[in-house]
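Participant: Okay, here's what each chain looks like letter by letter:
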Amino acid sequence: MQRIGVFVCHCGSNIAATVDVSKVAEMALMEPGVVHAEDYQYMCSEAGQAKIADAIHEKKLTGIVVCSCSPRMHEATFRKAAERAGLNPYMVEIANIREHCSWIHKDMEEATKKAVILMRAAVAKVNLNTPLQPGESRVTKRALIIGGGIAGIQTALDIADAGYEVDIVEKTPSIGGRMSQLDKTFPTLDCSACILTPKMVEASAHEKIKIYTYSEVENVSGFVGDFTVDIRKKARSVDMDKCTGCGVCQEKCPSKKAPSEFNRGLNNRSAIYTPFAQAIPNVPVIDREACIKFKTGKCGICSKVCQAGAIDYEQKDEIITEKYGAIVVATGFDTINLDKYDEYAYSQSKDVITSLELERVMNAAGPTHGHLERLSDGKAPKEMVFIQCVGSRCSDDRGKPYCSKICCMYTAKHAMLIRDKYPDVNVTVFYIDVRTPGKNFDEFYRRAVEQYGVNYIKGQVGKVIPQPNGKLLVQGSDLLDNRQILKEADMVVLATAIEPNPDVRKIATMLTASIDTNNFLTEAHAKLRPVESPTAGIFLSGVCQGPKDIPETVAQAGAAAVKAIGLLAKDKLMTNPCTAHSDELLCNGCSTCENVCPYGAITYEDKEVNDHGIREVRRLAVVNSALCQGCGACTVACPSGAMDLQGFSNRQIIAEVDAICR
Amino acid sequence: MSSNKKKQAELIEEISGVNPLKCMKCGKCSATCPSYNEMDIKPHQFVSYVINEDVESLVNSKSLWKCLSCFACVERCPRDVKPGKLIDAARQMVVRQRNNTYLSPDEIPELLDPELPQQLLVSAFRRYRR
Amino acid sequence: MSIENKSFRPKIVAFCCNWCSYAGADLAGSSRLSYPADVKIIRVPCSCRVNPMFILRAFEKGADGVIMCGCHPGDCHYSTGNFYARRRMTLLFSMLDYIGVENGRTRVEWVSAAEGVKFSDTMNSFVEKIYSLGENVRLGDLRCRN
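Residue numbers (this note's numbering), protein chains in the order written: chain L, -3 to 658; chain A, 128 to 257; chain Y, 202 to 347.
To be clear, the hints were calculated from the coordinates, so they are not data collected in a lab.
Every residue, glycine too, gets a C-beta built ideally from N, C-alpha and C.
Do not rely on the hints blindly, as some may be mistaken.
A few chain A residues that don't get close to chain L, going by computed Cβ distances all over 10 Å [to be verified]:
1. Glu140
2. Ile142
3. Gly144
4. Lys155
5. His171
6. Leu195
7. Phe198
8. Asp207
9. Arg223
10. Pro244
Distance condition first, Cα-Cα at most 30 Å in a straight line; then the derived BS3-like pairs of lysine-lysine [said to hold, decoys possible]:
11. Lys312(L) with Lys467(L)
12. Lys189(A) with Lys134(A)
13. Lys319(Y) with Lys109(L)
14. Lys378(L) with Lys467(L)
15. Lys152(A) with Lys467(L)
16. Lys189(A) with Lys454(L)
The following block holds chain L by itself, in its conformation from the complex (with noise of 0.2 Å):
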């Protein structure tokens, strides 16, 4: 019989003001078992946890319920008190009588009956619990970071100087990422290139990092500490070693019909191309849709010009095995399909762009090399028009929920740069709210508005209708002069609201890393573990978390790093304990568990039994407790009941569900 003490947490008033706790702890009292019974005011404090220690030394207690929070939150520390006082720590159950009962619940009578049948149900289950020896096992030093935008670059820098081997896979030719198609970064002003560059070279420069451009990952297997990661490396058709980087394929390359990524399709590059001037590796790839030569099988013209012989038609796709101890997610964002926003006018004019697209025609290596000019007729425009909130802050199904966060500080920098260097084009922004939260931002706003005379707005845009003469008339609307504007302008940009880059979804899956329903991955705790995924071993980093600018994403960069080298200098993990294990004598070997298993962790071994005096040799099923993660699907398949997990059993579930209907 086990000797049990349960202990209700009061939380300050967050628990004690809907749940009567020193009830819960007089009726706790009456359950088998329990010896022990007490509550205060915060259990989790270093006093409440004392409290803890000394019940388990005076009344020599076996097991412990504590009714507080969720585990989530304090199991690991109500564990390691108790493992402190002598106590095996999965010896603690939580009884969740906060975020499932005070919280949610307003009548005190109502919560507190709630509560006891809770700490009933945790009561019923610790009477059940068995002592549990947590495994060990080893940690790969070496992480891997999935993309290579400043965030990934960031990382990888932080860990490889920390001492790690750092792999990163980009699915681009070359890293750099979003950041590196834009002109100025605000609120300084900053040449984006000239700040992101140096960290490119010295990402490729340094010797821990390995960098796989042009590269996917293909599949994850394994647990934190061993993780095991198939890379796809996609024919790049350019031999990497020999290519010396001189450009003349790029240059004699006859098809040079090819929308250019990197410009968001506002001009066009060569079929064998890399995505700008300052790439890293700066080795071109072959577009194999756009190419002449494998198209018709006709060319061969870059084959012929490079002096270094580096082309290679026949390259295949190859895939790389690696394992990783840490694996980082730093995959970016994109901007929204416009698609359904056809009142903006984006698919009938050229001269309504996205801010990204903006960003590439004020960049003097883009389309316009940077001169602004409207993309249809390249007539210098005299009237612009921003828009703000395209497709952010909706709630209907054409946009996204949430605030993309950047939009009101890069239209500020775009309206200020269009004033200060073409000061006769007149500028107007139609804005909701101007959200400038962040250091020296609201200063920022506000010179655009007071020095260079930027024209804001309250008031959103209706509709852009493009005229006959080429000019786009902007119906929108003035709400603090309570009018209705109509203005013609020679150009209208639009401030798209970002999202997730759409393959976050599929590294997700294969991470088991939770998502969001905007497809932003879910971190550990909002406020407490923001860089770690909920999943062991999985770190963010960027905006694959949430919306974030450039100054914010370096520094969870760098927290992402710091949480992995944390992992990484380990040498051992202890692994969870609760994993599945076979009973000998009910097996009966029939393979089914093995099925279920995502993991290959159970086998079949041929042992000697004694079954009630018979001996004999029998298949039995053998459960790898360093692979088992503890999901529990092979208890359920397993047609005698010998397959049992150990912490969630099915007498102690079973303890639970009687305790809840009694």
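Let chain L serve as the given structure and place chains A and Y on it in line with the hints.
Facilitator: Showing chains A and Y alone in chain L's frame:
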């Protein structure tokens, strides 16, 4: 009196099926409205009139009958607030307050013409006196 | 044996997987999204840990409804667990319906860790359904009745 005002506002919300509290005051409805200049209360203001339980003013406004029900605001509202439906609901309220403007359900079968489109039947049911 | 609906308080057992739905329930809690106190949550590592036996046991012991929540299909922390759960429950629920435990008393719902609102909405609608169905008299262990 104030409870009556509240009831009216609730009735508007019920008829329209719109939750005016979802509005984020972006003004896209007013930006897109073709009869904006004809209106005394502008489309984006419909919402605050309902929130402030001042349906009376809405009902007595010129806007009530100036709205074309083109539903441009309904189509483009990013927050699913649909000011066009609110003003339509206010109109419904006025129509309903005139007595005997409805057919009773019992009378329908006799009046029924198999050629009649379903939609016409519904609108007739809503609009015409006997 | 009919029971006045006013005095009837159903017993509802909710099995929630640790990674998605339990976290979703936590989020519902920290967002103060209320649902009736009749729902009691049991934490399981994965929806595939829910043995049909547990559900039968709940009904045997007088539960009026059982709901099982897991990660969205394809998002399971253990890759495939919720697919097994989905198949098992489909089979179990049709069998339960056959022996008189109406389909409304059993439900499978996918709730992610970010869907606190969905969790509370689901629980509200499920409890409402159980109220409309009344007390469950099938499967109950007669020895447990007083």
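Participant: Honestly, which of those hints from before does the structure not fit?
Facilitator: 4, 5, 8, 11
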